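J.: Chain B: place on chain A using the hints.
Protein chains: 2
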Amino acid sequence: MTILSSLGRASRSAPLASKLLLLGTLSGGSLVAYSDSNKKEDQQQQKKKKKVVVLGTGWAGISFLKDLDISSYDVQVVSPQNYFAFTPLLPSVTCGTVEARSIVESVRNITKKKNGEIELWEADCVKIDPTNNKVHCQPVFKDDPEASQEFSLEYDYLIIAVGAQVNTFGTPGVLENCHFLKEVEDAQRIRRGVIDCFEKALLPGLTEEQRRTKLHFVIVGGGPTGVEFAAELHDFIEEDITKIYPSVKELVKITLIQSGDHILNSFDERISSFAEQKFLRDGIDVLMGMRVMSVSDKDISVKIKSSAEVVSLPHGLILWSTGVGTRPVISDLMEQVGQGGRRVLATNEWLQVKGCENVYAVGDCASIAQRKIMGDIANIFKAADVDNSGTLTEDELQDVVEDINVRYPQVELYLKSKHVRSIKDLLTDSEGNPKKEVDIKAFESALSGVDSQMKSLPATAQVAAQQGSYLAKCFNKMEHCKEHPEGPKRFRTGGHHQFRPFQYKHFGQFAPLGGDQAAAELPGDWVSAGRSTQWLWYSVYASKQVSWRTRALVVSDWTRRYIFGRDSSRI
Amino acid sequence: MTILSSLGRASRSAPLASKLLLLGTLSGGSLVAYSDSNKKEDQQQQKKKKKVVVLGTGWAGISFLKDLDISSYDVQVVSPQNYFAFTPLLPSVTCGTVEARSIVESVRNITKKKNGEIELWEADCVKIDPTNNKVHCQPVFKDDPEASQEFSLEYDYLIIAVGAQVNTFGTPGVLENCHFLKEVEDAQRIRRGVIDCFEKALLPGLTEEQRRTKLHFVIVGGGPTGVEFAAELHDFIEEDITKIYPSVKELVKITLIQSGDHILNSFDERISSFAEQKFLRDGIDVLMGMRVMSVSDKDISVKIKSSAEVVSLPHGLILWSTGVGTRPVISDLMEQVGQGGRRVLATNEWLQVKGCENVYAVGDCASIAQRKIMGDIANIFKAADVDNSGTLTEDELQDVVEDINVRYPQVELYLKSKHVRSIKDLLTDSEGNPKKEVDIKAFESALSGVDSQMKSLPATAQVAAQQGSYLAKCFNKMEHCKEHPEGPKRFRTGGHHQFRPFQYKHFGQFAPLGGDQAAAELPGDWVSAGRSTQWLWYSVYASKQVSWRTRALVVSDWTRRYIFGRDSSRI
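Protein chains in written order, with UniProt numbering: chain A, 1 to 571; chain B, 1 to 571.
These are calculated hints, taken from the structure and not from any lab test. Take these hints with a grain of salt, some might be off.
[Said to hold, decoys possible] Quick list of in silico lysine-lysine cross-link-like pairs, DSS-like style, CA-CA up to 30 Å:
1) 243/A - 435/B
2) 112/B - 253/A
3) 435/B - 424/B
4) 142/A - 142/B
5) 424/B - 50/A
[Said to hold, decoys possible] Pairwise CB distance ranges (calculated):
6) 563/B - 539/A: 20 to 30 Å
7) 455/A - 516/B: 54 to 64 Å
8) 504/B - 246/A: 30 to 40 Å
9) 458/B - 246/A: 38 to 48 Å
10) 530/A - 242/B: 47 to 57 Å
[Claimed, not checked] From the derived model, a few chain A residues whose C-beta atoms are all more than 10 Å from chain B:
11) 184
12) 205
13) 478
14) 570
Everything numeric in this text was worked out from a predicted model, so none of it was measured. In this text, a Cβ means the ideal position worked out from N, Cα and C, and glycines have one as well.
For reference, chain A alone in the conformation it holds in the complex (with noise of 0.2 Å):
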């Protein structure tokens, strides 16, 4: 079956010329007519299955592969990289806390377990087509003319999980002079330019200040990224740097600057005061309430909000991690479907890109537009009012509660705003006691402050991870659910959507501060920091990795780091 099988998988991608040439190489020809009539069975089960067309292999694309039932759908992966990176380490890996190969994992090997098979191509989607139903790819491999033929792929559903590119807001000068964080690459390159740094600083005829100033590491946005690179620099200088280039140990300083009051500032107030404090007592240098103007190769031009002043830094490094932008291949699409001037593809909470129905975007390049309930109070008053007496009675809105919780998320955020239980808690008379009918006045009046609650998700791999997720499983019940509906109530048009929406499940967020430290921010309110922290931190990283020999390598680094330092050979 093996010979059969590949002969299979060639034929599909070979021409007829080379696919005769491999069936003549075949000597029983009782083989061949198996092969052949084994061929149209497959060709009937292609026909039936649907093309799945994944862009992009980061947090929502691997999550989407890793619970997609492959056996059901023909799926086409387009990615500029083989692999999958679990980017919360990325920080990590700046300093050799822990080595990049430990925290990528191939794609091909993350889905080769499944009932199936995907294809993966090394290649950047340019150009999304969706009135056509098409993407147009450029293999990455540039400098090879055979290698590098822009090809194109149909699709009958195309999820669209590219990711976001570094956001510069246009400040001079930066993508020149400063580093990233977005991809492996990136930190590998951070981690050759700091030892640079300090190869730099000790050769011969430099002067004290020129010294300094290559040993000044500027950290430009005090979001958990930066925070956390800082910390890490802070570790390597003080654990490992100073023991081994000791007459510049003096001479190292490490600054944040941040646009905001303060640093961290997604995480709860204690956390931030907590991180202000530690930065301050390891001697890191936090500048708040500061504005970059631009970027040269030797200064960063920074106003201070207050005083309009504009002051200059002389850099050895730069880490600028500060927002995510658009990437040109979403720009373009937006404007092809009308969301034109928008940062991000604007989706449904079923995640389904607003104005092309088969196509669908997760994580950081989308977010989703929730659906204001005032816009379909009517429709919903009128839904519930079976007997159409105008008024909703207790039972009457008892059979819409739920369906109205699902279809818009906000209330449910609205509701604990508010201390109560139940929308019913909502409906009470100047006393306090529920109303036993309500008109759709007092309905509307109930329910008129709910879409203040609506917000919109941070790009984090916790939301890309979730959303990949939830989408695999709807793909998984597609079939299932066109005949049995398990989406709320279509108060507008009647019916029932076919799936639930998606709803985000916040797990909570941990920002590592070094020396061993983290803060937490967990579910129900419930904020730690601390060394108890870190190895909550330890634990929660460990088990959260995509495979068991990532899991192996990163505790393993970890270990290692303990016993023998961090290692700054620059490879």
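T.: Just chain B now, with coordinates in the frame of chain A:
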């Protein structure tokens, strides 16, 4: 003392102004005074110390630094790399059996345990000026104007250990289109290159022929490096790649091109033929008696020596691993010291470069030009003939035998080839009985064959490491041996040589052949091949690691490969 010693260091490298600034920051006057007197002592110490400049941190350079008593010299090291690489494991890095980081160790880490401090500069030596005892160096940071200023260093002793570079034998297109395997970066590039070949072969739109070309791996050179790479590549493909690229499995081909009649021709014949048979079974094409005429990005053009026919082979990737060439800085030095036209620097038996007494050369960049015993035969006879009788008695001969053996290492090899134990056994009459006395003619004719045993040492890690270590030991006893020379008699000028000449001790050599089999040639004409030899290889290579860190990492890499296989992510 830490502040003071760091001040001391700073004052050596920084100009006067910053020195005053630094001293100004110390508050107590007495402390300053103490520091001053301390500094004077330091300076006197410095004056006494001779300046040793070491070029290169490969096998020879690192062995020298490891064994040198740094407290008695002022050591400065110039190397384009701040690490030492365990080069015999480079072929394992090309396919991910071992990670690059596992075979490198920071030079500063290796030397920091010593009682003293070395200065290391990441720079290339661009010119050696033996007339003025200076070397001119260019930092490796070409894109940083401040940190790429050329600087020069003065030396009392210079140790040249820069190694060799690739030798293309002037074959057109080799530099542009081939991979090499001398540095860690080369191995990393090959690893990416191999994975790229597979990714390219899968792209849509390629013909079967093009796919075959992409997956044709060519190795030029049947020495240990080429053979080991072929074996590694074969294992990688068989054990890992075929699992995740099943559709192109049948298209892969490995070809090894060797100009001689056998591969591994520096090994015992039994090993050569074992390797050839193993490769035959593995499906690795070994083309012998071939000469590469030219290389393009698509083809390699090869001349079959026996028929003078030229054939052209399309390729996906080529590794060029044939012989070693001369670095430009060495060619330039050879011109200066009257050694122009040679391939490597000639040294005497004490590793001193011929023509400059305080310059030493070790490792692949040098070769010992052994002194012929026949050139000194009259002087030896004269020195031995104490009573000036014109003949040597048994006792007179006995007195010089040891000195001759030590001074002319070829004697030992010659005696071995003649199956006799001593020079005296060569001086027999026609009946085979030892002569009582010999005249100069008989003495000359008995030793006339000795010089035929002069052999230049191979360009291996083993030779380089022994030379570096030997030289360090000479340096450690430099002062002592000036008064108490320990070398053999000077037959021409009288007295004794300061040191015994360098003598190479061969500990055998390995050739890993893939599939967990290896071949080994061990001292005493002992040859072994197979699985047990592979385990011997594992233990020898683990024990030879330069630090406990690399030892632990290499062993854990081997284990990881057994459990999880090799990773094929393209990073």
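J.: Under the constraints set out in the numbered hints, which ones does this structure not fulfil?
T.: Violated: hints 1, 5, 11, 12 and 14.
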